[in-house]
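*Asks:* Below are the chains, spelled out letter by letter.
There are 2 protein chains.
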Amino acid sequence: MEKQGIRQRVNGFKAWAVAAGLKKDDAPDLALIFSERRAVAAGVFTTNKVKAAPVIVSQERINRKYARAILANAGCANACTGRQGLEAARGTTDLVARHLNIPAEEILVASTGVIGQLPNMQLFEKALPGLVDKLSPDGIPHVARAIMTTDSFPKMVFYPEKAGGTAYGILGIAKGAGMIMPNMATMLSFILTDIQIDHESLRSALGDCVKSTFNRITVDGDTSTNDTVFVLANGMAGNQSPTERDLAGFREGLQFVMGELARMIVKDGEGATKVIRIEVKGAHSASDAENAARAVANSSLVKTAFYGQDPNWGRIMAGLGRAGIRMQEEEVDIWIDEVQIVGGGLGKGFEAEQKAAQKMTNREFSVVIDLHQGLFQDAIITCDLTHDYVSINAHYRT
Amino acid sequence: MEKQGIRQRVNGFKAWAVAAGLKKDDAPDLALIFSERRAVAAGVFTTNKVKAAPVIVSQERINRKYARAILANAGCANACTGRQGLEAARGTTDLVARHLNIPAEEILVASTGVIGQLPNMQLFEKALPGLVDKLSPDGIPHVARAIMTTDSFPKMVFYPEKAGGTAYGILGIAKGAGMIMPNMATMLSFILTDIQIDHESLRSALGDCVKSTFNRITVDGDTSTNDTVFVLANGMAGNQSPTERDLAGFREGLQFVMGELARMIVKDGEGATKVIRIEVKGAHSASDAENAARAVANSSLVKTAFYGQDPNWGRIMAGLGRAGIRMQEEEVDIWIDEVQIVGGGLGKGFEAEQKAAQKMTNREFSVVIDLHQGLFQDAIITCDLTHDYVSINAHYRT
Chain F
148 MEKQGIRQRV NGFKAWAVAA GLKKDDAPDL ALIFSERRAV AAGVFTTNKV KAAPVIVSQE
208 RINRKYARAI LANAGCANAC TGRQGLEAAR GTTDLVARHL NIPAEEILVA STGVIGQLPN
268 MQLFEKALPG LVDKLSPDGI PHVARAIMTT DSFPKMVFYP EKAGGTAYGI LGIAKGAGMI
328 MPNMATMLSF ILTDIQIDHE SLRSALGDCV KSTFNRITVD GDTSTNDTVF VLANGMAGNQ
388 SPTERDLAGF REGLQFVMGE LARMIVKDGE GATKVIRIEV KGAHSASDAE NAARAVANSS
448 LVKTAFYGQD PNWGRIMAGL GRAGIRMQEE EVDIWIDEVQ IVGGGLGKGF EAEQKAAQKM
508 TNREFSVVID LHQGLFQDAI ITCDLTHDYV SINAHYRT
Chain R
148 MEKQGIRQRV NGFKAWAVAA GLKKDDAPDL ALIFSERRAV AAGVFTTNKV KAAPVIVSQE
208 RINRKYARAI LANAGCANAC TGRQGLEAAR GTTDLVARHL NIPAEEILVA STGVIGQLPN
268 MQLFEKALPG LVDKLSPDGI PHVARAIMTT DSFPKMVFYP EKAGGTAYGI LGIAKGAGMI
328 MPNMATMLSF ILTDIQIDHE SLRSALGDCV KSTFNRITVD GDTSTNDTVF VLANGMAGNQ
388 SPTERDLAGF REGLQFVMGE LARMIVKDGE GATKVIRIEV KGAHSASDAE NAARAVANSS
448 LVKTAFYGQD PNWGRIMAGL GRAGIRMQEE EVDIWIDEVQ IVGGGLGKGF EAEQKAAQKM
508 TNREFSVVID LHQGLFQDAI ITCDLTHDYV SINAHYRT
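Going down the list, the sequences are from chains F and R.
Going left to right, the first sequence walks through residues 148 to 545 as this note's numbering numbers them.
Going left to right, the second sequence walks through residues 148 to 545 as this note's numbering numbers them.
Since the hints were made in silico from the structure, they are not lab data.
Careful, some of the hints might be misleading.
Put simply, identical chains are the same to the list, so a pair is met inside one copy or across any two.
Taking lysine-lysine and the DSS-like style, the derived pairs with C-alpha atoms no more than 27 Å apart in a straight line are [as the list claims (entries may be wrong)]:
1. LYS506 / LYS428
2. LYS309 / LYS506
3. LYS170 / LYS502
4. LYS414 / LYS170
5. LYS171 / LYS502
6. LYS358 / LYS428
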């Protein structure tokens, strides 16, 4: 049950994953998470106007505030599939409902994979009995693996906490890799906890944490049609109704789990070799800080320079200049980690650039930009743009 | 003087280019265009808030409405160079003014190359006498070559026209390649004509043509600090004051020249193997049409799919969905050239995709999107995102 000191289970949750044949390579692609008790549930979803069928179905169901299970698959996004796609998404949960003897309305659903293909219902029908039979408290790592598409490693984070002296856990998994510039949520992430908590506290904690974690990363500036984050709290830790302090502890844990998962998603961005934190401070407004960081984090020229370990600060300046923010070129300072490469809008010279290039050989580094226009700051985590990104995406479907 | 049937000179303009040592490889990098008569002049410049010194200097000077010369260099953008950069930009034109015996205020200046380095004035001083001596009516092609950076071919277009029975020509040159998503102009383009025309007609023709040509292309979504378009009309064709009809003819010619140059810039986009016209129709508003076309044209996922010749329409749908436009997924139709791949938001099946993939093997093709939301349309010309784009930009400075 415990591997390498990381806990991989939470009281009252069972899970498993099987190879249903939705992926082309016989890898596990169909996953189920089941809560022994009805769990308080909250979710956030893509802001893309083109929403996948499972997003539409789950958005309806999450309004009930409770859920018993999450059915997830890779290999088929069930997006741009119209009325038939919606019927298929509901149909798969009907099958699960029958096997588990729970209402279909309490089953959330999430899909990832190629857009524009209907899921093959026969594959679901054939695989589901075996999947339900194998549900196990140790099954979450299998789910983390099954929802991978172009991800190169599974993403799982555990955080132990106490509420009123009672121990509980927060276990999160996620998949990422491509089409990542979440505008409200990110690809897929499921977070399970056994804390007893009311729906409003859970919903607001999720909303706040999404803003500072999944909504602050970018791989390629594209927002998926399927982005989904679910958090399920089944109350099986048996804590008393949480105090303000307990809630603060829970938020801190949730923030940690989601923040780590977000960082893992960037680290595993398609073709990425580096994780870069773009930090903007001294902005005139909160939106200026965010827009400046996003303009730099999404610039293809900046991202290829990161790949080349080239402290090409001119591209960063050009990115800031088109961000639509209040700025004075001659007041901008830029650092790579603690090495200043721009002071007052001007380069700090060859030696500074050499030192910065050295920092850029690391797998993770920061770009810190001080605009000197005000008191607002923000940060976006991005990755480099590499040959492998092009290889992966030029031939993804073939 | 005439090569391959394309005229490469315009009455009264002389030009030449030399290797001043600003580029690393001994290639021509310093160019001068000189008009025997003072020419009516108009210009459009980058909207990037970080503006290169030559942009700032030329913006001041273009307000005088007349110019005698354009000094252009590659190898050094003279951007992010502060007060010293401005002094250098003015200083180089002072040198030219002395050699040509004309006012420095009538010399426009444009630079392209690496951001953040000051131009080496000694190189200018050494090269200018030889450059001025060699000025020739046949020198424009040399200028087109000298302003190239990562461009793989020089870009020149000629258009012959008549005004009131008098023949005149419009000769345009441009450089492009990277940092191309002009927001007001594009990298560098100089357009020379011997028509006699008033300043207001010239200025408004330039402004209108820029909107539908250079402002409708994208290579990588980045807007340069140095984007500049100049048009100089020296009146040496000797036509009478142009009539409305003559002006319409001139606009048509200017539109042709700038449109062809813009298309050449995309064709020669860094690493590009394909030119793709993204056409959006049936949009609810003009801005919806433009935003939809730009979202698709700038999507890294769409551009890599073009490279892979993969009619991955799901990525196009996802791009539309995050464009912030009015749309109904189930009303979207998409074609690759004349092959419909999406009807009513749904894929048209394997056979249609195979036919579309065949179209995508061509060097140029169109994506036509009908949103069925209204009467507005727009088009953006883009290129694919390739391994070579990454190679070129990861190691541009090294």
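*Asks:* Going through the numbered hints above, which ones does this structure break? Give me the numbers in ascending order.
*Replies:* Number 2 - this is the single hint that the structure violates.
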